[in-house]
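**Student:** So the chains spell out like this:
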Amino acid sequence: MSAEESIKKELTEAFDFIGEDKINIQRPGRIFIEVGQENFAKVFDYAVRQLKFSHLCTITGFDEKERLAFMYHLTQGPGPMLNIKTSVPKEKPVIKSVTPYFPGADCYERELEDLFGATVEGLMPGFRYPLPDNWPKGQHPLLKDWKQDTSEQKKG
Amino acid sequence: MHNSKEFKIPIGPQHPALKEPESFSVALRGEKILGVDIRLGYNHRGIEKACEERSYVQDIYLIERICGICSHAHATAFIQAVEEIAHLAVPERALYIRTLVGELERVHSHLLWLGVAGHEIGFDTLLMYTWRDREIVMDILADLTGNRVNYGINSIGGVRRDISPAQVKDVLKAVDKLEERTKYYIEVATEETTIIKRLSGVGVLAYDDAIKLDAVGPTARASGVARDVRRDDPYAAYDKIQFNVITDTHSDVYGRTVVRVKELMESYGMIREILKKMPEGPIAIKAPPRRIPAGEAISRYEAPRGEDVHYVKSNGTEKPERVKVRAPTLANVQAVKHMLKDRFLADMPIVIAAIDPCFSCTDRSIAIEDGKSRKKNVMTWQELHDYSIKWHRERGFDPAEINRKFHKTMEGK
Amino acid sequence: MLASLIYILIFPGFAFLGVFGLFAEFFDRKLYARLQNRVGPPWFQPFADFIKLLGKEEIVPCDANPAMFTLVPVIALSTVVAAFLYIPLWNTTSLLSFNGDIIVILYLLTIPTLAFFIGGWYSSSLFARIGSVRAVTQLFAYEVPLFIGILSAALLANTWSLSEIMTFYNKSPVLALFNILGFGVSLIALLGKLEKVPFDIPEAETEIVAGAFTEYSGKFLALLRLTLDVEMVAGAALLAAVFLPFGLGANPVIGFIFFIAKVLFVIALITLLRTVFARLRIDQMISFCWKRMVPVAILQLLICLILKGVIQR
Chain A
1 MSAEESIKKE
11 LTEAFDFIGE
21 DKINIQRPGR
31 IFIEVGQENF
41 AKVFDYAVRQ
51 LKFSHLCTIT
61 GFDEKERLAF
71 MYHLTQGPGP
81 MLNIKTSVPK
91 EKPVIKSVTP
101 YFPGADCYER
111 ELEDLFGATV
121 EGLMPGFRYP
131 LPDNWPKGQH
141 PLLKDWKQDT
151 SEQKKG
Chain B
157 MHNSKEFKIP
167 IGPQHPALKE
177 PESFSVALRG
187 EKILGVDIRL
197 GYNHRGIEKA
207 CEERSYVQDI
217 YLIERICGIC
227 SHAHATAFIQ
237 AVEEIAHLAV
247 PERALYIRTL
257 VGELERVHSH
267 LLWLGVAGHE
277 IGFDTLLMYT
287 WRDREIVMDI
297 LADLTGNRVN
307 YGINSIGGVR
317 RDISPAQVKD
327 VLKAVDKLEE
337 RTKYYIEVAT
347 EETTIIKRLS
357 GVGVLAYDDA
367 IKLDAVGPTA
377 RASGVARDVR
387 RDDPYAAYDK
397 IQFNVITDTH
407 SDVYGRTVVR
417 VKELMESYGM
427 IREILKKMPE
437 GPIAIKAPPR
447 RIPAGEAISR
457 YEAPRGEDVH
467 YVKSNGTEKP
477 ERVKVRAPTL
487 ANVQAVKHML
497 KDRFLADMPI
507 VIAAIDPCFS
517 CTDRSIAIED
527 GKSRKKNVMT
537 WQELHDYSIK
547 WHRERGFDPA
557 EINRKFHKTM
567 EGK
Chain C
570 MLASLIYILI
580 FPGFAFLGVF
590 GLFAEFFDRK
600 LYARLQNRVG
610 PPWFQPFADF
620 IKLLGKEEIV
630 PCDANPAMFT
640 LVPVIALSTV
650 VAAFLYIPLW
660 NTTSLLSFNG
670 DIIVILYLLT
680 IPTLAFFIGG
690 WYSSSLFARI
700 GSVRAVTQLF
710 AYEVPLFIGI
720 LSAALLANTW
730 SLSEIMTFYN
740 KSPVLALFNI
750 LGFGVSLIAL
760 LGKLEKVPFD
770 IPEAETEIVA
780 GAFTEYSGKF
790 LALLRLTLDV
800 EMVAGAALLA
810 AVFLPFGLGA
820 NPVIGFIFFI
830 AKVLFVIALI
840 TLLRTVFARL
850 RIDQMISFCW
860 KRMVPVAILQ
870 LLICLILKGV
880 IQR
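For the record, the sequence lines run as chains A, B and C. Our numbering puts the first sequence at residues 1 to 156. Our numbering puts the second sequence at residues 157 to 569. Our numbering puts the third sequence at residues 570 to 882.
Among the hints, a few may not be true.
[As the list claims (entries may be wrong)] Pairs of lysine-lysine residues, derived as DSS-like cross-links and limited to a Cα-Cα distance of at most 27 angstroms, are as follows:
| # | chain 1 | residue 1 | chain 2 | residue 2 |
| --- | --- | --- | --- | --- |
| 1 | A | Lys144 | B | Lys475 |
| 2 | B | Lys418 | B | Lys339 |
| 3 | B | Lys493 | B | Lys175 |
| 4 | B | Lys353 | B | Lys418 |
| 5 | B | Lys469 | A | Lys65 |
| 6 | C | Lys625 | B | Lys564 |
Derived from the structure by calculation, the hints contain no laboratory data.
Can you build the whole structure from these sequences, using the hints too?
**Tutor:** Here it is as structure tokens:
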């Protein structure tokens, strides 16, 4: 059995809410999995502690109309990449920080806060990233309905 | 200044030690660093958002301009993701050419780093020598791709330029020369007393911390973490090339220097092997698609600074739905904070430089002035002009007065 | 009266020293560049820089003490020029000379560093303050080996007068060879005094911008830079006078050419040293001075004491 298959097997056995159809092995080395927000913490913890995914590559945010989705890209160093996706409603976009596992994730989560308007619980106090300090509140550029209004367009 | 008084000094956004604007606010007691706050984001240009509004072909060139030094890394990582979504079979020769340019880029980047490191510890002679020799590889890159930086060699499904036998000879000749020079630099960097004094024991990042803080690239490898995407998750032609993953156990800036100079030697071997093994054949697929079917892909690339991650999601149109870039420096920034604690102010430049920071990579997206919601905050050109005149006038200097005088003299003539 | 004015203002005072100092800067920069495989500046570059800086606007920071801030460059420059007046040029007699003048020269050469400290401190910029504190910290480290190195040569000659030291060694040049350790120590200490690599810690560009000079601009900066150039010439001339007592007493023209050549030789050694080293950290610099240079300097002192006993017998 390949490494991807065994990871898939372990995950489906550990959690009964993860069915075969929820895990997608797109190609060797790429595992995609989608879980609900309520189960995310459990799966993430299992992946990090039991499956030894020791490296968080980054977190990608998505604007999916009604919901905000987040994908956590994990690797073990050598070996396959596990991509855990979860989503929250836009009205209440609150997620838990993963900095207790990966202190290096600080910047990735601040980026979600600035660019998508998510609220990350459990972040240490610090500077915002990456937008300037005087950026207006409630403007989150990577949301799909946010349009840039450049001075050039204004003139035209 | 050995009193108990603490004070904060600003290193950046503008400071001679930084080649790009970034702000490090350093709390000092005497010469000792108590803590560092890092503020990033000064180079935010809105590339991720801009990518969503452009076609895939346009995005290649936009993404190539994320960074001037590891431009090929970003462009290749992006294009690999797109090709994976579209299920394109890229010709072998194109993969070899991509790998070749990637390794040449690593050589140029590591030589550049060696010079910068020399400058940060006040050893300008090393800077002048390495940058002189870096010109050799820059010339080769210009010859192969047409550009010294932002090579523009990639296209969807292949590369844009082939390599002629004459160029192969040129590259081999240049590599021989560079190898000889690099041997000399290894000697200098590992045996010169003042260099060793300044580098060893500085900016220590233990093995466990490197894993915990998600360090990547030479920074992690110098702490003994054998992570290299070229081996762990092979792309392009790396699965067909022999090479060693260089690690070191010094865990300090000295270790990072050793890793980089040894990687240079490794790259020379790889370039020779690539040129030897490069198969004949087409360099690109015919008629690459403009529309990419819906799907998603993650591509990893071992840039000179470490792991570069690109995520692309497509929606079946000519434009991507979402492009996410994570440059290596962003992964290493937290490690810098850790390395600087309880060190001396004098070590700060070299510790920061030792991760080979590339902040314009790090800050990609947004920051285009937003009109609607903060009309009052936005200054028009005229307002800015008036403000600057007022500012100077308050300080006893009137530009308008000078203007008037100037016009008077001109009229007088 | 007129003669003294000419001495002070023209030769060998301000005008000569200014020109020679700027030329020495060119020599240093050109040699540095050639050693680094660069082209280097044209001969008039330091002069052009100086003149350009004179024409630039001077900015005195709001928080700075204006009197101190503006006085410092003038004090620094005048002390190094004064120090030079005690150093003999083509023969063994200097313009001003008395028994004990070598101590005066060494002290006059210390004042610029203190002046930089005061200037940096009163300019109230953080970078300038750190730089000025570093300058003074460094002063305590290199000054001791420099003093021991130079004064042991004086000890052997049994006089505190620079003219008499030169006369002594000119008579028996072989004895000068015994001072080679002292020459080495003084040369390295001089690097600290001139704030050059590996001891350019007080103005380490990549850490604290320009150190004590960070807030200086225009005329004041021009004067400060000239001070460093003149200090380089004066320091090199002092070392040349004490440790290289050759070719003196011939006709003035040849003696003068010898003098210039010796000074440039010392400057070339300084340039060479700064080409091959990286900057040290302040703690490393201090431990190097006290643990390595001071013992060597004391060894030199012992050699001189023993040699003196042998000679007197």
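**Student:** It remains to establish, for every hint, whether it holds in the given structure.
**Tutor:** Here is what the structure says about each hint:
{"no.": "1", "hint": "A:Lys144 with B:Lys475", "verdict": "13 angstroms, holds"}
{"no.": "2", "hint": "B:Lys418 with B:Lys339", "verdict": "9 angstroms, holds"}
{"no.": "3", "hint": "B:Lys493 with B:Lys175", "verdict": "18 angstroms, holds"}
{"no.": "4", "hint": "B:Lys353 with B:Lys418", "verdict": "20 angstroms, holds"}
{"no.": "5", "hint": "B:Lys469 with A:Lys65", "verdict": "15 angstroms, holds"}
{"no.": "6", "hint": "C:Lys625 with B:Lys564", "verdict": "24 angstroms, holds"}
The earlier numbered hints are all upheld by this structure, with none contradicted.
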